[in-house]
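So the sequence lines, in the order shown, correspond to chains A and B.
Heads up: the first sequence is residues 37 to 700, going by the numbering used here.
Heads up: the second sequence is residues 13 to 580, going by the numbering used here.
If you are wondering where the hints come from, they were derived from the structure by calculation, not from laboratory data.
Each residue gets a CB set at the ideal place from its N, CA and C atoms; glycine is no exception.
Don't take each hint at face value.
[Stated by the list, open to error] The calculated BS3-like cross-link candidates involving lysine-lysine, where the alpha carbons are at most 30 Å apart (straight line), are: (1) A:Lys623 / B:Lys197; (2) A:Lys177 / A:Lys276; (3) A:Lys630 / B:Lys379; (4) B:Lys553 / A:Lys623; (5) A:Lys630 / B:Lys171; (6) B:Lys140 / A:Lys630; (7) A:Lys598 / B:Lys553; (8) A:Lys602 / B:Lys56; (9) A:Lys598 / B:Lys56; (10) A:Lys594 / B:Lys379; (11) B:Lys553 / A:Lys602; (12) A:Lys623 / B:Lys56; (13) A:Lys177 / A:Lys255; (14) B:Lys452 / A:Lys594; (15) B:Lys171 / A:Lys597; (16) A:Lys598 / A:Lys630; (17) B:Lys553 / A:Lys597.
[As the list claims (entries may be wrong)] Looking from chain A toward chain B, a few residues come up when the C-beta cut is under 10 Å (computed): (18) Glu160; (19) Ala161; (20) Met319; (21) Ala322; (22) Lys323; (23) Thr333; (24) Gly555; (25) Pro561; (26) Asn562; (27) Val589; (28) Ser599; (29) Lys623; (30) Gly638; (31) Asn639.
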Amino acid sequence: MKVLEINWLAFLADVEAWALLPATVRGMLAGAHAPSAEQINFELREHHGVLLRANILRRSANGKRLLLHKDTKNFLRVVRAMEQNRELEGASKPVFETYLSNYFTYEEKNSLARVTGQWYYDHEAIYRRVSRVQWPQEFVKARHSEWVKLYALRSFRESYFVSLDVFAMSQRLIADCLENGGSIPFQELTSRYEGRDSGVLDAALMGCFRYLLLYPWLKSGTREAILGVWPGIIQRLNRKPPTPPSAAEVRNVFQSPLLIHDITTVLVSAGAEPFRVRAGDNMLFAKAQKTIDESLTALPDWVEKGFQLDRTSRARSALFYADNQGLVEQKGVHGKDLRIETTQRGLKWLELPAKIRLRQMLDSVREATEGLRKSSDLHYSDPSLLVYRLSLPSEKLFRKVIVAAKEQYTSLPAGSLVDFQNFCDYHSRRGNPLVKHIEAGRKLQGTVGSDYFYEATTEEMEESWADLLWSILRARLLIMGAATVGYSADGSLCLGLSDAGRYLLGLAEDFELEEASGGEVIVQPNFEVVFLGPRPLAEVEISRFAERCGSHVGLLFKITKKSVMKAASTGLTAESLFEILGLYCSKDIPNNVKREILGWFGNCRRITLQSTVLIRCQDAETAARVLAVSGGKVERVTDTILELRDRDKRTELVRKLKGMGIFV
Amino acid sequence: MSMTHYNPENPLVVQGDHTILVEVDSPRYGAARDELVRFAELVKAPEHIHTYRVTPLSIWNACAAGTSVEEIGEALRGFSKYPVPANVETEIRDWALRYGRLRLSRNGEDLVLEADDAVLAEQVSRHKAVVPLIVERLSRQTFRIRAQSRGEIKQALIKVGFPVEDLAGYVEGERLSFELRAALKNGRPFELRHYQVEAADAFHAAGGARGGSGVITLPCGAGKTIVALGCMAQLQTSTLILTTSVTASRQWIRELLEKTTLAEDQIGEYSGLRKQIRPVTLATYQIMTWRQDREADFRHMELFNGRDWGLIVYDEVHLLPAPIFRATAGLQARRRLGLTATLVREDGHEDDVFALIGPKKADVPWKVLEDQGWIAKATCTEIRIPLPEAERMPYAIAERRVQFRLAAENERKIDVVRYILAQHPDDLVLIIGMYLDQLKKLAEPLGVPILTGQTPQRKRDEVFAEFREGRLRILAVSKIANFAVDLPDASVAIQISGTFGSRQEEAQRLGRILRPKEGANQAHFYTIVTRDTVEQDFALKRQLFLCEQGYNYSIVDSEELTGPQLVR
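Chain A extracted, bound-state conformation:
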């Protein structure tokens, strides 16, 4: 156990002196390295008295300087290790893994894993077992023989709890910690257990550390040496009962059917120019990705960062949904011209008012009736996509999850926002079907997000439930405009249900959506095309012959000679162009714009490239002789250059000319 295998009695003797030191001095002594001579003699000079009395420092032979007492070095080494353990107060899995790595050898970790029923070192399984509140509680109640039988560490020279006294002392230590809010200061141990066999106390500490029943660390701020159960357990022991979330005062509110706008943007872009797809990984080429990213409307910074709604992930979501709804399709030949195009259904969708588009999206979630989807590993997932990133082998449990999640979001008060942390905390502890499943004594395995779990613990499922609620908010409700989010004055995220959200969850039969329908499109005399309101289909059509400058609303296009020429090359005529503009523009096309466009189209010509055979003659007379024998298959280009139209007659002509003394 590396550093933890020390003489704890000696540590307990020294820790009393430690308790007398001010926090700043403790901080200096517990730093990453032993204090230097400079620090000892100058920075710590105000505390020399107490440090000398504590035997942490001693005078040099000539009495002029102070040095670290050699007997203190081991103590300070342990203190420094405990200082690093301050991170345990964060009580997270990564912190636990670091602790394991710092203090346990590979063999020791393996033996702990075997304790948990694994045949190989699995830190997840170990963490799951020892971070439960039940781990120390069960130990306190356990009988020695049963516990040792279960958890004896095989292939080790000693069993840590061989002695009944040591086992009982360990139980006493843990029970006292649990009664004391989860921890006891080291300096109290000597007085608490005065009269007890010191060797037993020492062995008990070692055993508790070895079995991850207790941990030593320096408390943040005061650097007091603490002995306690896993800090995550301390937090759970000390937490207050959950309170229902209540309405909060918010600012910076945001609510938008973002997904609909993004799908619209994707369809408009794909309608103008299909997205090229890489054959290797079926991802979009960088140029296509960039086109979409740049066309998406910007979000407030706090929304984009707080909900991880960067443009690339939004584009992916939009494409996913669009594909799901049949609004785009992949076409072309693999490795050649693979592309994503807007379908006819997609173009018709663009014609619809924004509210209808949103309603269709919400209905697809609301009315999913085909039952849960069963994957190849026999796990269930939700086809309505409301509850995603979760798969469970039990259909019954999954349905309970869906019902519970919907009920919890439905319970949000109308017209106000609540603190989201409070909301998650409350519902993950109350009405969490996954926790109820475990508390009923049933094993639980499945996947939440990227975490696979088996024999899940209550703690894990509370955390997972909060994750699930977050993912539903972030990746579903918010982007569908079903949730309103904001921040309270103290910076806490708050949420509420919007009208669309109430409709989605079945609390209302309809919803309001203010939209800028039928926005005006105006062609300006300077060839700019301005959209005073969103007209997605108009955007698709006009992008065929104009250069894009923006998206959604505002100055969106500029008609240029280059863009018109490009359209002409695709076969678009001036008449078609004016027809499109006439369809969408609320005002007449300016006269100068019409004239110029007509002029640009008028300058276009089509030519063909053709392969042919030219006959170059050295003079006009020779050319005339060739013409004479060609039987009409040769035409004159210039006086000395002729063109053979029918290539099949080449051999025959050459033969004839040869006969006339004209050689090729």
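For chain A, the structure is supplied; the task is to place chain B on it using the hints.
Quick look at chain B alone, frame taken from chain A:
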């Protein structure tokens, strides 16, 4: 980007890049525009949608005029169709909050730069351009600055995003008593128009420290010269006026003599021809920036110290050359008035204008002046003519420069000019061209005088006088007519070929004809372009620019023209 709060009645669409589209046909357009001009610059004004832009300078100009950030926010939100993008509001607030945090005031011989707080003081005092200008630190928030560094420190600080409010006051200058006339010499009554009075008052600010330096922005033909006379009359002090050409200087002199009680011997011309330094002196930018060679000094800059000037006027301030900026940095104790139709500079030195001349004091949109009849409505017509058959092959095989000349000197243009002249038998007409031979071929048969760069100044003055007085109805001019030549009654301009240089040149050309007319108040601008040639490509740029200035622009093919072809 919430789709809620959409208000279709409102005329503004505020975009995330700080441009604002304004729907002219909206019922609330007028009110929105009146608010916008306080804190945004008009970028373009084609028919239905005008574009404004909010920049740090436009915000600082607004703050200098007393507009608060709350008023700006309310105006945007109150007139916008959609929610204003959060970044726009944040950045406007940030820019606005930078104004007024640094103040320059007088303390004896020197100046004191005061910051609102110690953090700002620390920040600016560490900036490498500012460090050498600080003489000493007086306290956590104040610094001593030498008086001669007044301009430099303002320039340095604006470049790091902190405009300085200059409250250090001015020297009074040599007193000069005169008045504006109530009637002109021909008996016609004279008074300043209401917007000219407002502009002059805004500049003067009743003589307070907040007035006395700044820029008046008015469209061509709106009477910026008159505003300057109004400012001079309020200040009653000797004045140095810098102009873009001798012709312009002499135009100023005429205005001064006609509209004020100043005598001839009180007004001087300082140019290549004359070196008169008088209580009111007109000088050109060219003479001020003249030097023997690159290493020599600008010796005429001494004119800035030639008298105890109480006011310096910079005509066409958007054309201020760099050496004048440098000299102006040392003149901050004198009142300074800039006049221009646009604050947009080709070289992007708008911040120097703000720092060294002063903030914008008045700005009246040309549409307002046009609607009120103060400037003429102008229609622009592009007449396209075909290239003669005989020229088509030479054109097709020529290099680009030659192609341009062939197209520009198309002989058929002369017929079209005659046609246009026949349509305007009573109007005063300017014919503008680039090629002298072409102008001669056109003008000589008609007996029309031609003014070029080689025409002596005296001859120019005579001909302009005849034109102004109506004794000459048609005048052919080359490039010189572009700048600051005031021809009050020209109502038709025909451009037969042009350099198509800068946007300013186009604006100036039209400025020459935008003058109030008796009766119809309509002006016409024609350009004659050879169809399907490089000239047409260049004409497109002009077309775009004029449309963006708000002019009505139409294109006609010469084949559509009917009517008499000749005029004598």
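Checked hints:
A C-alpha spacing of about 50 Å is found between Lys623 of chain A and Lys197 of chain B, which places the hinted pair above 30 Å, so the restraint is violated. Among the hinted pairs, Lys177 of chain A with Lys276 of chain A is consistent with the structure: their alpha-carbon atoms are about 25 Å apart, no more than 30 Å. Proximity of Lys630 of chain A to Lys379 of chain B is assessed by CA-CA distance (about 25 Å); at most 30 Å being required, the pair is judged to hold. With a C-alpha separation of about 23 Å, the suggested pairing of Lys553 of chain B with Lys623 of chain A holds against the 30 Å cut-off.
Of the supplied pair hints, the one linking Lys630 of chain A and Lys171 of chain B is violated, its CA atoms being roughly 45 Å apart against a limit of 30 Å. Between the alpha carbons of Lys140 of chain B and Lys630 of chain A the distance comes to roughly 55 Å, so the proposed pair goes past 30 Å and is violated. The straight-line distance between the Cα atoms of Lys598 of chain A and Lys553 of chain B is roughly 14 Å, inside the 30 Å bound, and the hint therefore holds. For the hint pairing Lys602 of chain A with Lys56 of chain B, the CA-to-CA distance comes to about 27 Å; that is within 30 Å, so the pair holds.
At most 30 Å may separate the alpha-carbon atoms for a hinted pair to count; Lys598 of chain A and Lys56 of chain B meet this at roughly 23 Å. Of the pairs offered as hints, the one joining Lys594 of chain A and Lys379 of chain B holds, with about 25 Å between alpha carbons and a cut-off of 30 Å not exceeded. A hinted pair counts as satisfied when its Cα atoms are at most 30 Å apart, and Lys553 of chain B with Lys602 of chain A qualifies at roughly 20 Å. For the suggested pair Lys623 of chain A and Lys56 of chain B, the alpha carbons sit about 19 Å apart, so the restraint of at most 30 Å is met.
This hinted pair checks out: Lys177 of chain A and Lys255 of chain A have alpha carbons roughly 28 Å apart, not beyond 30 Å. A C-alpha spacing of about 40 Å is found between Lys452 of chain B and Lys594 of chain A, which places the hinted pair above 30 Å, so the restraint is violated. Simply put, Lys171 of chain B and Lys597 of chain A have alpha-carbon atoms about 39 Å apart, too far for the 30 Å limit, and the pair is violated. Note on Lys598 of chain A and Lys630 of chain A: the hinted pairing holds, with a Cα-Cα distance of about 15 Å set against a maximum of 30 Å.
Restraint check for Lys553 of chain B and Lys597 of chain A: the C-alpha separation of about 12 Å stays at or below 30 Å, so the hint holds. With a least beta-carbon distance of about 41 Å to chain B, the hint placing Glu160 of chain A at the interface is violated under the 10 Å criterion. Here the hint on Ala161 of chain A is broken, as its CB sits about 46 Å from the closest CB of chain B, past 10 Å. Given the 10 Å rule on beta carbons, the hint for Met319 of chain A is violated: about 27 Å separates it from the nearest Cβ of chain B.
Because the closest C-beta pair between Ala322 of chain A and chain B is about 24 Å apart, greater than 10 Å, the hint is violated. Here the hint on Lys323 of chain A is broken, as its CB sits about 23 Å from the closest CB of chain B, past 10 Å. Interface hint at Thr333 of chain A: satisfied, since its Cβ lies 5 Å from the closest Cβ of chain B, which is below the 10 Å cut-off. Given hint, Gly555 of chain A at the interface with chain B, holds; its Cβ is 8 Å from that chain's nearest Cβ, closer than 10 Å.
Proximity of Pro561 of chain A to chain B holds as hinted, the smallest CB-CB distance being about 4 Å (cut-off 10 Å). Given the 10 Å rule on beta carbons, the hint for Asn562 of chain A holds: about 4 Å separates it from the nearest Cβ of chain B. For Val589 of chain A, the interface hint holds, the least distance from its beta-carbon to any beta-carbon of chain B being 6 Å, beneath 10 Å. Hint on Ser599 of chain A is violated. Least Cβ distance to chain B is approximately 14 Å, over the 10 Å limit.
For the restraint placing Lys623 of chain A at the interface with chain B, the shortest Cβ-Cβ distance is roughly 6 Å, inside the 10 Å limit, so the hint holds. Among the interface hints, the one on Gly638 of chain A holds; its C-beta lies about 8 Å from the nearest C-beta in chain B, closer than the 10 Å criterion. Residue-level restraint check for Asn639 of chain A holds (minimum Cβ-Cβ distance to chain B is 7 Å; threshold 10 Å).
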